[in-house]
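Number of protein chains: 2
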Amino acid sequence: MAIAAYRVSRVRRRDYDPPDSPTSVGYVRSSLARLADQENPLVLQCGRPFWPIDVTYETYGKLNSDRDNAILVCHALSGDAHAAGWDPDALEQGRPWRADRPGWWDSMIGPGKALDTNKYFVVCSNVLGSCYGTTGPSSTDPSSGKPYGSSFPVVTVGDWVRLEERLVTHLKIDKLKAVIGGSLGGQQALEWALAYPERVESAIVIGASARLSAQGLAFNAVGRYAIVNDPNFRGGDYYDGVPPRVGLSVARRLAHITYLSEESLEAKFGRRYRHGCGPSYGFSTEFEVESYLDHQGEKFVERFDANSYLCITRAMDYYDASDWGDGDLERALSRAKATFLLVSFSSDWLYTPAQMEQLALSLAKCEKRVTYVEIPSSAGHDAFLIETETLTEVVKAFLDGQTTKRLSPPLYSQIGL
Amino acid sequence: MAIAAYRVSRVRRRDYDPPDSPTSVGYVRSSLARLADQENPLVLQCGRPFWPIDVTYETYGKLNSDRDNAILVCHALSGDAHAAGWDPDALEQGRPWRADRPGWWDSMIGPGKALDTNKYFVVCSNVLGSCYGTTGPSSTDPSSGKPYGSSFPVVTVGDWVRLEERLVTHLKIDKLKAVIGGSLGGQQALEWALAYPERVESAIVIGASARLSAQGLAFNAVGRYAIVNDPNFRGGDYYDGVPPRVGLSVARRLAHITYLSEESLEAKFGRRYRHGCGPSYGFSTEFEVESYLDHQGEKFVERFDANSYLCITRAMDYYDASDWGDGDLERALSRAKATFLLVSFSSDWLYTPAQMEQLALSLAKCEKRVTYVEIPSSAGHDAFLIETETLTEVVKAFLDGQTTKRLSPPLYSQIGL
Chain R
1 MAIAAYRVSR VRRRDYDPPD SPTSVGYVRS SLARLADQEN PLVLQCGRPF WPIDVTYETY
61 GKLNSDRDNA ILVCHALSGD AHAAGWDPDA LEQGRPWRAD RPGWWDSMIG PGKALDTNKY
121 FVVCSNVLGS CYGTTGPSST DPSSGKPYGS SFPVVTVGDW VRLEERLVTH LKIDKLKAVI
181 GGSLGGQQAL EWALAYPERV ESAIVIGASA RLSAQGLAFN AVGRYAIVND PNFRGGDYYD
241 GVPPRVGLSV ARRLAHITYL SEESLEAKFG RRYRHGCGPS YGFSTEFEVE SYLDHQGEKF
301 VERFDANSYL CITRAMDYYD ASDWGDGDLE RALSRAKATF LLVSFSSDWL YTPAQMEQLA
361 LSLAKCEKRV TYVEIPSSAG HDAFLIETET LTEVVKAFLD GQTTKRLSPP LYSQIGL
Chain B
1 MAIAAYRVSR VRRRDYDPPD SPTSVGYVRS SLARLADQEN PLVLQCGRPF WPIDVTYETY
61 GKLNSDRDNA ILVCHALSGD AHAAGWDPDA LEQGRPWRAD RPGWWDSMIG PGKALDTNKY
121 FVVCSNVLGS CYGTTGPSST DPSSGKPYGS SFPVVTVGDW VRLEERLVTH LKIDKLKAVI
181 GGSLGGQQAL EWALAYPERV ESAIVIGASA RLSAQGLAFN AVGRYAIVND PNFRGGDYYD
241 GVPPRVGLSV ARRLAHITYL SEESLEAKFG RRYRHGCGPS YGFSTEFEVE SYLDHQGEKF
301 VERFDANSYL CITRAMDYYD ASDWGDGDLE RALSRAKATF LLVSFSSDWL YTPAQMEQLA
361 LSLAKCEKRV TYVEIPSSAG HDAFLIETET LTEVVKAFLD GQTTKRLSPP LYSQIGL
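Chains as they are written, first to last, in this note's numbering: chain R, 1 to 417; chain B, 1 to 417.
What the hints contain is simulated information worked out from the structure, not anything from laboratory work.
One thing to keep in mind: the hints can contain errors.
One copy or two, either will do: identical chains are not told apart, so a pair holds if it fits within one copy or between any two.
[Said to hold, decoys possible] Taking lysine to aspartate or glutamate pairs in the DMTMM-like style, the calculated list, with each CA pair at most 25 Å apart, reads:
#1 Lys172 x Asp37
#2 Lys62 x Glu302
#3 Lys172 x Asp116
#4 Lys299 x Glu92
#5 Lys177 x Asp328
#6 Lys268 x Asp326
#7 Lys146 x Asp68
#8 Lys146 x Glu165
#9 Lys268 x Glu330
#10 Lys396 x Asp116
#11 Lys268 x Asp320
#12 Lys268 x Asp328
#13 Lys62 x Glu92
#14 Lys268 x Asp174
#15 Lys119 x Glu298
Please read these numbers as outputs of a predicted model, since none were measured by experiment.
Start from the sequences and build out the full structure, keeping to the hints where you can.
Structure representation (structure tokens):
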């Protein structure tokens, strides 16, 4: 019997690339494209033809003359189209959270980085239903002149991918070099390979799986319960009043625990008290970990819309890649023509390595080309945003067509290729 | 690489012992004892002398003439003094949740059971701050004539144990044969061995640890945040109005996820939809696991008080056995004179086997007599209420002074004895 060996994970203080760094894409303004209108509505999975849809997206690097060097990056629950570089209008346009840091995957996208903008044309768009520029519940419904609120449709990962396909077509790209994403972004990458087999050369699925587990469904359900039962929610039509901050904050605090791991929480905070040592015998914040959750909750309600949160978590619930095979995952996966790179993180308990292995094995059984890598990390689900050094090694090797057999063997297990 | 092997756990439909069963303790009425008054207040760990305190408790079996066959059972967060047998007044006295089932550990307590009432005098009392008969936030403050509400003190596991010691003294019991409990009850058993080393022959600590992890602190913090920010909470003084049901329901739903395991949720509910197949594209309950959480939340708010929930989770947060050694666990444990049985469950991720192993090893280093058993179970933290067949085998062997070496070797790992 051994004592539980807590691996101590350093909290990595990231040194952001400043905009003038040779490895930064610099200042980037997003673009807007109307990709659905009355003549050409997007028929959603729920059956509702929906328009107008404006999509916010950013691009980094240059599309080559053959238009075959494009990589689509898909964002996760609370992400946006601003994946790399710096937002020149962050303060002026009321996005203060973007002022002091670059895009959410800046460490992966730029000259010489994993998604090397000297070689690739990188595109990232904001999903339908979000609150970061693409049409969502807080957008104005032209038929009423008011925000959609409760009348916004419930959308799916499939809907997102079909809208992304319109963007790719709009950019006159026939086939994507790769689609890549972590978490819900990883599920979009998988969905691309199934929905548009001819248009995806490779799919890079990180910290995701073919479907969310029952435990994941349960956590999402509690968060949504807190939101819809916040008295300020008023059925979703709260835009003329106070938003349901408490409910959204509960949802975020809870979700945030699932993004970290037991060991990273232990290493970062343990049972330390904020002030001095020992209890103050009250219910206000006194452990450091409580204070951290307060901070996460407060930051989030300043930047995110509760209806978008409902919308996106429901899409997360509904996604099941096996729907393409009427519940049979292997039948579903047999549609794919892409080469796959699947990456999981050892301490991710939201989308576990075991789930990813299952997907890898199912792909292998369908004789798809698949590389599966489990990266040892104590960072939990958030590792896809943190372990970018190791991710860079893995993704670069994959995009360069190398097998990961070249990588240090104790670090990686793999099948296929 | 292996596919994730989900062990399928059957949901055990327990056949409750009816009151006339030879293995049931039958109908049991609880007793009430005033254990602190103005002359003899309980000085709480927070420094406040507190009185009056009435304690509700039940007893099963008979105290022998040597008064040395008593076993104290300690309950967990939402438990009560009604550990075994049937409540004859459940319906008449407004406790309908007790009408159709016996006490919470009836499968462990009774003639011939693990805590054999033919041999032992079993005592279980309700903790200070609860809402099941012992003085708590919903009790009337004699100085105001109103419920305590926000003026109720923040109590600790140490306070509970010192009150239990008063009960044991009140019952004229000098030394307990054993103190036993699961979860927070297990922490009380551990605390007994440290606070009253001379008065505990053996401590049986089940599904617990020396302290709650940072992740556990985080989950408790989210639950409390939901309660104290429910508009009906009104600072804790809500007894003349509507209680903070939404906040309490959020807290319970969330906590309930931590009581189960990923694999038990997968086996019980998976991704099954309640009605027919496939999504209805809305935010109301449609997955079976959502419906289960609804049920858990609704049941709980009918029977539990939000202030008690705050109180008891805070006690859970604060407990750290190493406080007896100024932060040094081994120094703390060196006080103990009891023989220890520690039991963990393989899929418990709230109080993990690794944490229990650490406690076991620390006890062994202090040369205490300790048996550590990890029971393989897919039931998660709730296993202490479910795996009572295996628990019976382990606890009986321990109480009979057998080493667990007699038990089937693949099932148990152990140190000591």
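Of the numbered hints stated previously, which ones are contradicted by the structure, given in increasing order? 2, 5, 7, 8, 13, 14 and 15
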